[in-house]
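Residues per chain are reported as follows:
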Amino acid sequence: AQTVTQSQPEMSVQEAETVTLSCTYDTSENNYYLFWYKQPPSRQMILVIRQEAYKQQNATENRFSVNFQKAAKSFSLKISDSQLGDTAMYFCAFMRPNYGGATNKLIFGTGTLLAVQP
Amino acid sequence: EAGVAQSPRYKIIEKRQSVAFWCNPISGHATLYWYQQILGQGPKLLIQFQNNGVVDDSQLPKDRFSAERLKGVDSTLKIQPAKLEDSAVYLCASSLAYLYNEQFFGPGTRLTVL
Numbered sequence: 834a835q836t837v838t839q840s841q842p843e844m845s846v847q848e849a850e851t852v853t854l855s856c857t858y859d860t861s862e863n864n865y866y867l868f869w870y871k872q873p874p875s876r877q878m879i880l881v882i883r884q885e886a887y888k889q890q891n892a893t894e895n896r897f898s899v900n901f902q903k904a905a906k907s908f909s910l911k912i913s914d915s916q917l918g919d920t921a922m923y924f925c926a927f928m929r930p931n932y933g934g935a936t937n938k939l940i941f942g943t944g945t946l947l948a949v950q951p
Numbered sequence: 004e005a006g007v008a009q010s011p012r013y014k015i016i017e018k019r020q021s022v023a024f025w026c027n028p029i030s031g032h033a034t035l036y037w038y039q040q041i042l043g044q045g046p047k048l049l050i051q052f053q054n055n056g057v058v059d060d061s062q063l064p065k066d067r068f069s070a071e072r073l074k075g076v077d078s079t080l081k082i083q084p085a086k087l088e089d090s091a092v093y094l095c096a097s098s099l100a101y102l103y104n105e106q107f108f109g110p111g112t113r114l115t116v117l
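These protein sequence lines map, in sequence, to chains A and R. Whatever position you read off the first sequence (first residue = 1), add 833 for the numbering used here. Whatever position you read off the second sequence (first residue = 1), add 3 for the numbering used here.
No wet-lab data here; the hints were simulated from the structure. The reader is advised that the hints may include incorrect statements.
[Claimed, not checked] Simulated coverage check for chain R against chain A, where a stretch passes if three residues somewhere in it have a Cβ under 8 Å from a Cβ of chain A:
| no. | stretch |
| --- | --- |
| 1 | 46-52 |
| 2 | 108-117 |
[Said to hold, decoys possible] Here are the computed distance ranges between Cβ atoms for each label pair:
| no. | chain 1 | residue 1 | chain 2 | residue 2 | range |
| --- | --- | --- | --- | --- | --- |
| 3 | R | ARG12 | A | PRO842 | 20 to 28 Å |
| 4 | R | GLU17 | A | ASN891 | 47 to 55 Å |
| 5 | R | ALA5 | A | GLN950 | 32 to 40 Å |
| 6 | A | PRO930 | R | LYS74 | 36 to 44 Å |
| 7 | R | ARG12 | A | ALA948 | 18 to 26 Å |
[Claimed, not checked] The list that follows gives simulated cross-link-like pairs (lysine-lysine, DSS-like), each with its CA atoms no further than 30 Å apart:
| no. | chain 1 | residue 1 | chain 2 | residue 2 |
| --- | --- | --- | --- | --- |
| 8 | R | LYS18 | R | LYS81 |
| 9 | R | LYS18 | R | LYS86 |
| 10 | R | LYS47 | A | LYS903 |
| 11 | A | LYS906 | R | LYS47 |
| 12 | A | LYS911 | A | LYS888 |
| 13 | A | LYS911 | R | LYS47 |
| 14 | A | LYS888 | R | LYS47 |
We treat Cβ as the ideally placed atom computed from N, Cα and C, and that holds for glycine.
Model the full assembly from the supplied sequences, consistent with the hints where possible.
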């Protein structure tokens, strides 16, 4: 069974600075997807960034980038130029491809609460 | 484009009572998911539908939880009877099709069982 571990329950960063959130996972699959989701206090879960395991290049979306280390099963999220609106719970999630009708459910970590300080 | 709609947003009930949650996915999305998010934990899948068929309900406590998606569009999740440990946020998500990996989430329903 796949598992996702986020070892930082809470983090704090000053506005305009850079912060890195950690995530490790365990799987025997070779092909899969990894995601970072953001859940602000309003509770609507929003996709931040995704990474396909077969791609060696790290994904980037504006101020958000990942460091994907497949051999180490590590998937960290870097937020540059932090903004007050980045304050939220961040979840790392794993998805296996939907082979032969199997579920493509998201398997989430326990989350990291990020507070951006003015 | 309208997002995933859920109602009610909040519900407080006594243990052993019944409760139902409703979800309307994004128009055209064939796949619908119900996740349970207990305080301090990440969401966990309860049930996944592809159109009106069930793909996975292995984590659904079937002695008390039921879900349906009769016309392959909106869905209802029911708990009967509720227990204290059912207190959680119930998230509905949808995706365009099985082959697409992005899931869009609704605002959730926060259930408190007293």
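Here's how the hints hold up against the structure:
1. 46-52: Coverage by chain A holds for the stretch 46-52 of chain R (4 residues, Cβ < 8 Å).
2. 108-117: holds (count 5)
3. R:ARG12 to A:PRO842: 20 to 28 Å: 26 Å, holds
4. R:GLU17 to A:ASN891: 47 to 55 Å: Taking Cβ atoms as reference, GLU17 (chain R) and ASN891 (chain A) lie about 50 Å apart, which means the hint holds.
5. R:ALA5 to A:GLN950: 32 to 40 Å: 35 Å, holds
6. A:PRO930 to R:LYS74: 36 to 44 Å: With Cβ atoms ~28 Å apart, the hint is violated.
7. R:ARG12 to A:ALA948: 18 to 26 Å: Between ARG12 (chain R) and ALA948 (chain A), where Cβ atoms are some 25 Å apart, the hint holds.
8. R:LYS18 to R:LYS81: Cα-Cα ~14 Å, so holds.
9. R:LYS18 to R:LYS86: 5 Å, holds
10. R:LYS47 to A:LYS903: 24 Å, holds
11. A:LYS906 to R:LYS47: With Cα atoms ~21 Å apart, LYS906 (chain A) and LYS47 (chain R) stay inside 30 Å; holds.
12. A:LYS911 to A:LYS888: 18 Å, holds
13. A:LYS911 to R:LYS47: 25 Å, holds
14. A:LYS888 to R:LYS47: Given pair LYS888 (chain A), LYS47 (chain R) holds - Cα atoms ~27 Å apart, limit 30 Å.
Hint 6 from the earlier list is the only one contradicted by this structure; the remaining hints agree with it.
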